[in-house]
Amino acid sequence: MRAVQITEFGGPEVMDIVDLPDPTPGPGQQLYEVSSAGVNFADTHQIENSYLAQQQLPLVPGAEFVGTPVGGGQRVIGLLDGGGYAEKVVAHDFLTWAVPEGVSDEQALAVVLQGATAWHLLRTSTHLAEGESVVVIAGAGGVGSLAVQLAKEWGAGRVIATASSAEKRALCEDLGADATVDPALAEEDPKNFTAALREANGGRRVDIVLEMTGGKVFDGAMSALAPFGRLAAYGMAGRVPPKPVQAPSLMGTSRAVIGFWLAHCMARPAMMDAAMHDLLPMVADGRLKPVVGGRYPLSDVRTAHEDLLARRSTGKLVLDPAG
-15 MRAVQITEFG GPEVMDIVDL PDPTPGPGQQ LYEVSSAGVN FADTHQIENS
35 YLAQQQLPLV PGAEFVGTPV GGGQRVIGLL DGGGYAEKVV AHDFLTWAVP
85 EGVSDEQALA VVLQGATAWH LLRTSTHLAE GESVVVIAGA GGVGSLAVQL
135 AKEWGAGRVI ATASSAEKRA LCEDLGADAT VDPALAEEDP KNFTAALREA
185 NGGRRVDIVL EMTGGKVFDG AMSALAPFGR LAAYGMAGRV PPKPVQAPSL
235 MGTSRAVIGF WLAHCMARPA MMDAAMHDLL PMVADGRLKP VVGGRYPLSD
285 VRTAHEDLLA RRSTGKLVLD PAG
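With our numbering as the guide, the letters of the sequence shown map in order to residues -15 to 307.
In short, the hints are calculated from the structure, not lab data. Note that this is a predicted model, so its numbers are computed, not measured. Some clues are possibly wrong.
[To be verified] What follows is a set of in silico ranges between Cβ atoms, one per label pair, in the way DEER data are often shown: (1) Ala113 with Gln39: 36 to 42 Å; (2) Gly141 with Asp304: 30 to 36 Å; (3) Asp269 with Pro225: 38 to 44 Å; (4) Thr237 with Gln58: 47 to 53 Å; (5) Ser34 with Ala113: 34 to 40 Å; (6) Pro42 with Gly141: 45 to 51 Å; (7) Ile242 with Gly187: 35 to 41 Å; (8) His261 with Gly56: 23 to 29 Å; (9) Thr108 with Thr237: 33 to 39 Å; (10) Val2 with Asp269: 39 to 45 Å.
[As the list claims (entries may be wrong)] Cut-off 25 Å, straight-line C-alpha distance, at most; resulting in silico cross-link-like pairs (SDA-like, lysine to any residue): (11) Lys273 with His111; (12) Lys227 with Lys72; (13) Lys72 with Arg189; (14) Lys227 with Arg189.
No residue lacks a Cβ here, since even glycine has one placed at the ideal position from N, Cα and C.
Please work from the sequences and hints to get the whole structure.
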């Protein structure tokens, strides 16, 4: 089978198209023909070996796929430990879900990892209550674009999204954001970003922040939290860690910082089922509209990563194994 493989860590340039033996399923697994493979920002960390789990070489990146069992059967969306950038994958039965009629590969891929992340950030990590204000950092991205919609669906009082361009801010508003803010304000001074978030919330501090950038964006968003506010950190796209958070500062303001990594939900299948059994029907009936970005041939995987890293993309990026 054709697959993307890396034999050294680095940027997009380390990914090569190679021929590999088909993977062999173990107990409770099936072999699938891949029709589409998802691309995530975490994949860019994976090939750098800069993510939360240590990576081993050689490596086939990719954590999600849409496909059918070899020999025929139901189209499914599935999550993987790795190996998704390939024509065939092996997946555990408990990490695959039937794709409803009318839901495209791209839409299914948008919700399996990024949608489940948005779902758990709001439901499990921050326990969104009706009427609370929610700040979604990178609101035009894969997780962010779904989090904006879910927060509105679940009764958030005000949803504020950040995005780096006028076009992306307009998209956030189309998805339901009540206000948008340019995160570049944080690079000037985190205090300016804090002030802009409060202004977007009618002069009030905010209740929830979903944060995946790190650095000064994290610092400015943290300062914008109200008493009993919660910041859920689920990424560090800026590659710069925020200032350390000290317990006295949390106690003195009654604020919370929660870390989130979907891998821990994957180890508890009932948590993934709860999200997927909610999200897929929402897509099928039109209540949730995943933003589909680009579809790239497998042979053009480097360009997909380059576009993602350069913030040229919007919404979900996928690879076509046939290309």
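So, going through the hints one by one against the coordinates:
Ala113 and Gln39 have their C-beta atoms about 38 Å apart, which keeps the hinted 36 to 42 Å range intact. In this structure, Gly141 and Asp304 break the distance hint of 30 to 36 Å, their C-beta atoms being roughly 41 Å apart. At about 41 Å, the CB distance of Asp269 to Pro225 agrees with the hint of 38 to 44 Å. For the hinted restraint 47 to 53 Å between Thr237 and Gln58, the CB-CB distance of approximately 50 Å keeps it satisfied.
The hinted window of 34 to 40 Å between Ser34 and Ala113 holds, with their beta carbons roughly 35 Å apart. At about 49 Å, the CB distance of Pro42 to Gly141 agrees with the hint of 45 to 51 Å. Roughly 26 Å separates the CB atoms of Ile242 and Gly187, a value that falls outside the hinted 35 to 41 Å. Range check, His261 to Gly56: about 25 Å between beta-carbon atoms, so the 23 to 29 Å window is met.
Between Thr108 and Thr237 the CB atoms are about 23 Å apart, so this pair departs from the stated range of 33 to 39 Å. In this structure the supplied range 39 to 45 Å holds for Val2 paired with Asp269, their Cβ-Cβ distance being about 41 Å. Note on Lys273 and His111: the hinted pairing holds, with a Cα-Cα distance of about 22 Å set against a maximum of 25 Å. For the proposed pair Lys227 and Lys72, the alpha carbon gap of about 42 Å is over 25 Å, so the pair is violated.
Note on Lys72 and Arg189: the hinted pairing is violated, with a Cα-Cα distance of about 49 Å set against a maximum of 25 Å. Proximity of Lys227 to Arg189 is assessed by CA-CA distance (about 20 Å); at most 25 Å being required, the pair is judged to hold.
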